[in-house]
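*Asks:* Spelled out, the chains give:
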Amino acid sequence: MSAVVPPAIAAGARAPVQAGAPPLVVAHVAKSFDADGRVVPVIGDLSLTLNEGEIVAIVGPSGCGKTTLLNTLCGLIAPDAGRVSWFGREMSGQPAGVGYMLQKDLLLPWRTALRNAMLGLEIRGVPLSEAEERAHVMLDQLGLHGFADHYPTTLSGGMRQRVALARTLVNEPDVLLLDEPFAALDFQTKLLIESDTAKLVRESQRSVLLITHDIEEAVSIADRVIVLSKRPTRVKAMYDIALGTERTDMIAARESAGFVDYVRRIWADLDVTRQ
Amino acid sequence: MNGSPLQSPIAADAGIDAAAKGAAARRLATHRRARLRASLLVLASQIALLAAFIAFWEYMTAFDKQAAFMFGSPSAIAGFLLTMARDGSLWRDTYVTGVETLLGFLVGNVIGTLIGLSLWYSRFVSRVIEPFVIALGSIPIIALAPIIIIWFGTGLTSKIAMSTLSVVIVALVTSYKGAVGVDADQINLMRTLGASKFQIFRKLVVPASLTDIFAGFKLTVGFALIGAIVGEFMSSSEGLGHAIFKAGSLYIIPKVFAALVATIALALVLTFIVGKVEKLLMPWRRLG
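Those protein sequences? They're chains V and G, same order as listed.
Residue numbering for the first sequence follows the UniProt record's numbering, starting at 1 and increasing by one per position.
Residue numbering for the second sequence follows the UniProt record's numbering, starting at 1 and increasing by one per position.
Isolated chain G (complex conformation) (with noise of 0.2 Å):
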C-alpha cells in the first residue's frame, strides 16, 4: 500500500524539519519541568502537615505529665520503636504479622477470585448462591475468631484463616462484578469470531475483570491485615498485634503506638507491592 493516501502524514511526521524538533523538545522538557515542581510541592506539603502535627503533639505532652501518659508522645514513641528494632521484637513482630497477612491475602483472593469468576459460568449458580453471599460478607469477622481459634489453634493457621475470611468474600465479589461487567458487544464479537464459551472466558472475561480484581486487592490488603491483627488480639505469642495488645493492656500507649506505626508501615509497603504488580501485569493501563 505504498502511496496510500493514510501513510502520508505519518511520512510527513517523520519529515518534521530539526528546527521544529528542537522546539518541540524544549516545549516537553518545560512541560515535565512544571509537572515535577508541582508533585514536588505536594510532597513538600504532606511533610510540612505531617511535621506539625508530630510537633504539636510532642508539644502538648511535653509539660503535661497526663497527657504524655494518655496520648504517649512522638518522641516516646521513636524510643520505644529504637528499643524494639534493637531487641529485634520489632522485625520478629512485623515479620510474623507480615507472612499471616501475605497468606491470607493470597489464599483469600484466589479462592475468592476463582470462585467469583466461575459464577459467570453459570447465571443459574450465581443466582442461586447469591443470597448466601450477602449473608456470609455481612458476618463481622471478629465474631468467628472464637470459633476458629477452637478450629484452627492459636497458632499461625488461625491468624491466616482470619485474614483469608476477612478477604474471600471482597475478592469474589469484586471479581464477580468485574466478569459480567464485561462489555455485551464484547462478548458478541467474539461469538460471532467463533469464540467458546471457555475460550469467552479465558480471552475476554479474565483479562477483562484484572482491573476490578486488582481494585479488589488493594482493598483486601488492608482487610487481610485487621484479619491477622484480629487473630493476634484473640489469642498470640507475637506478632503486631500481640504487641499492641499487650502494651495497651499494660497501659504503655507510646508502646501501642510504636507497634502502630510499623503496622501502618506494613500497610503501605503491601500496598505498594501490589501496585507494583498491577502495572507489571496490565502494561496497557500505563499508556491510557
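Bound-form chain V, shown alone (with noise of 0.2 Å):
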C-alpha cells in the first residue's frame, strides 16, 4: 500500500488515488427497503468494475433499483452488505471526484446558466472570479455560447441539461456518474448531447457509468454494457460494445455493422415480453 496519494482533504480535491486501483469495485452489494413492515429486497448481489477511461453503461428492466444503485455508490444510502470501493479506498460518505447528473437538470431557478454552471466550484470555494472562468469555457465547450447569462426558464430542454452537463464536467470530476440523464430530451437533441458528452469525456480520459433503460443509448455510447436482472438485481449479462467506429458519433455508432446485433441481444435478455 506504499503507492496511496497522500489525501488531500482541502476544498477542490482530487479523490486519493491508489495507483492502478480501478475508480470503481462494486462487490456483492445488496440493499433491501423496508415496505410497511415487508423487507423488499432491491439489490440482491451486485458486482461490477468500471475501469479508468471507461465508459459502461448499465441497462436494466424498469423498476429493477437502478436509481438505488445510483444513490448506493454516491454515498446517499448505505448498502446492507458488499463493498463500494472507489479509486481502491472502501467508501465513507461522499466519494471525491465523482460528478453526478440525472434526468432533471436540477438547475436552480434563480441562478443564470453561468452561475448554475458554477455552482460546485462555489461550493469548494473556488474564487469567483476563477470559478467564472472555467463555467463561461465548459459553456461554450457545450454549444452554450452566448447564453451564460439566461435564467434556466428561458433555456430549452437540451439547454438546460447542457447546463447541467457544464455544472457536473467543471468540476473536472475522475468519474461521471449519470443516471438517464437524455431520457428527456427529444430524438435529435438527445444524439447531439451524447455525442459531445462521448466527446469531452474521451478527450479528458475520464471514466463514465451511464445508467439507462434506452438500448440503443447504452451500446452507441458504451464500451462495455451490463444487463441488469429484475428485482432483486443482480448481473444478468454483460456485453464489450465493439463498433469498429469513432466512438463519439453516435450517428455513425448507429449505423455501424454490429449495432443492431448487440441492441437484438440486450432486448432478449431484458425479456421485456414476459412482464
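There are no misleading hints in this set.
FRET-style restraints, in silico, Cβ to Cβ:
| # | chain 1 | residue 1 | chain 2 | residue 2 | range |
| --- | --- | --- | --- | --- | --- |
| 1 | G | Ile-147 | V | Val-39 | 54 to 62 Å |
| 2 | V | Val-39 | G | Glu-130 | 28 to 36 Å |
| 3 | V | Ser-156 | G | Val-42 | 26 to 34 Å |
| 4 | V | Ser-129 | G | Ala-20 | 35 to 43 Å |
| 5 | G | Val-277 | V | Ser-129 | 24 to 32 Å |
| 6 | V | Val-40 | G | Glu-130 | 24 to 32 Å |
| 7 | V | Asp-186 | G | Leu-106 | 45 to 53 Å |
| 8 | V | Thr-49 | G | Ala-25 | 53 to 61 Å |
| 9 | G | Ala-38 | V | Gly-146 | 32 to 40 Å |
| 10 | V | Asp-186 | G | Ala-25 | 23 to 31 Å |
| 11 | V | Val-39 | G | Ser-39 | 53 to 61 Å |
Below, in silico cross-link-like pairs of lysine to any residue (SDA-like), each with a Cα-Cα straight-line distance of 20 Å or less:
| # | chain 1 | residue 1 | chain 2 | residue 2 |
| --- | --- | --- | --- | --- |
| 12 | G | Lys-203 | V | Trp-110 |
| 13 | G | Lys-177 | V | Trp-110 |
| 14 | V | Lys-104 | G | Ile-187 |
| 15 | V | Lys-104 | G | Arg-191 |
Chain G is nowhere near these chain V residues, computed Cβ spacing over 12 Å in every case:
| # | residue |
| --- | --- |
| 16 | Phe-33 |
| 17 | Ala-35 |
| 18 | Arg-202 |
| 19 | Lys-236 |
| 20 | Leu-243 |
| 21 | Glu-255 |
| 22 | Ala-257 |
Keep in mind that the hints were calculated from the coordinates and are not lab data.
Glycine residues also receive a C-beta, built at the ideal position from the N, C-alpha and C atoms.
Please dock the two separately framed chains into a single complex, following the hints provided.
*Replies:* Right, here's the structure in full:
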C-alpha cells in the first residue's frame, strides 16, 4: 500500500487515488427496503467494475433498482451488505472526484446558466473570478456561447441539460455517474448531447457509469454494457461493445454493422415481453 | 466548438431574412394590441361595476333619511373624506396606522421567517415545537389585546406588538413550509457537489423558500393591518382604527366608511409595494 497518494481533503481536491486501482469496484452489494413492515429486496447481489477511461452503461428492466444502485454508489444510502470502493478505497460518505447528472436537470431557477454551472466550484471555495472563467469556458465548449446570462426558464430542455452537464464537468470529476440524463430529451437533441458528452469524456480520459433504459443509447455510447435482472437485482449479462467506429459519433455508431445485433441480444436479455 | 451541430439552428436564427422579421414583428404588434384591449376591457368593467354600486347606494339613501343614517351615502362619505383631508386628520391617522402596520409587518416577518427557516436545520426541534406553534397560531389575536395594552402601554408600541403577533406565526409557518418543501433531489445534488449543511441552507433552501415567503408577505400585509386596527380599537388617541371606533360610537356612519376607505387604500398601497419588492428580489420569476 505504498503507492497511496496522500489524501487531500481540502476543498477542490481529487479523490485520494490508489495507483492502479480501478475507479469503481462494486463487490456483492445488497440492499433491501422496508415497506410497511415487509422487507423488499431491491439489490440482490451485485458486483461490477468500472475501469479507468471506460464508459460502462447499465441497462435493466424498469423498476429494477437502478436508482437505488446509483444512490448507493454516491453514498446517499448505505448498502446492507457488500463493498463499494472508489479508487481502491472503501467508501465512507460522499466520494470525491465523482460528478453526477440525473434526468432532471435540477438547475436552480434563481441562478443564470453561468451561475448554475459554477455552483460546484463556488461550494468548494474556488475564487469567484476563476469559477466564472472556468464555467464560461465549459458553457462555450458545450455550445452555450451567449447563453451564460440566461435564466433556466428561458432555455430549452436540451440547453438546460447542457448547463447541467457543464455544472458536472466543470468540477473536473474523474468519474461521471449519469442516471438517464438524456431520457427526457427529443431524439435529435439527445444524439447531439450524447456525441458531445462522449467527445468531452473521451478527450479527457474520464470514466463514465451510465444508467439508462435506452438500449440503443447504451450500445452506441458505451465500451461495455451491463444488463441487470429484475428485482432483486443482479448482473444478468455483460457485453463488450466493439463497433469499430469513432466512438464519439452516435449516428455513425448506430449505422455500424454490429449495432443492431447488440441491441437485439440485450433486448432478449431484458425479457421485456414476459413482464 | 465552431461548426458544432448545435450551433447551426442558432446561426440560422440570426440569418432570418428581413421580410420574415417584419412579418414576425407585425404579428407580435397585433398580439400585443389584442392583449392590451383585453386588459382595458377588464379595467373598464371594474370601473363600471364600482360606479354602478356607488350609484345604487347613493340612489337608495338619497330619499330615505333612515337609510342614509344607517348606511351613510357615497356623497356624505366623500364629504367627510374631504373634511378630514382639509383638517389633516386623514393624513395623520393614515400615517400612524401605516407606521404601526409597517413596523409590525417587518418585525413579525423577520422574526417569523428567521425561526421558520432555521427550523429546517433540525427535524427534531421542529417536531418538538410543532404543537406549540399550532396552539399559538390558533389564539385569536384580539384575545391578547388587553394583556398587550397592560404590557406595552397605550402608545405606539402596543399597536406594533399587536401587529407583530398577527404576523409572526403565519410568517413562521409559510417560511418553514417553503424550507421543508425544497426538492429532495436538489438537496442531494448539493450534497454530491460537496456542500455543507450551511451551504445547502444558504444557496438552496433560502432562495428556494422565497416564493413561499413572499406568499406569506402578501397574506400578512392584511394581518398586520388588522392587528394595528384592533390595537387602536382597544385604546388609542390616533390612527384609522381610532377614527373608526370614535365615529362608530357617535353613530357617524359616513365617517366610519370614510376611515374605512382610507384603510382600504392603505392596504392596497402596502400590497402593491410588497408585489414590487417581490419582482425586484426574484427577477427570474418574471421570465417564467
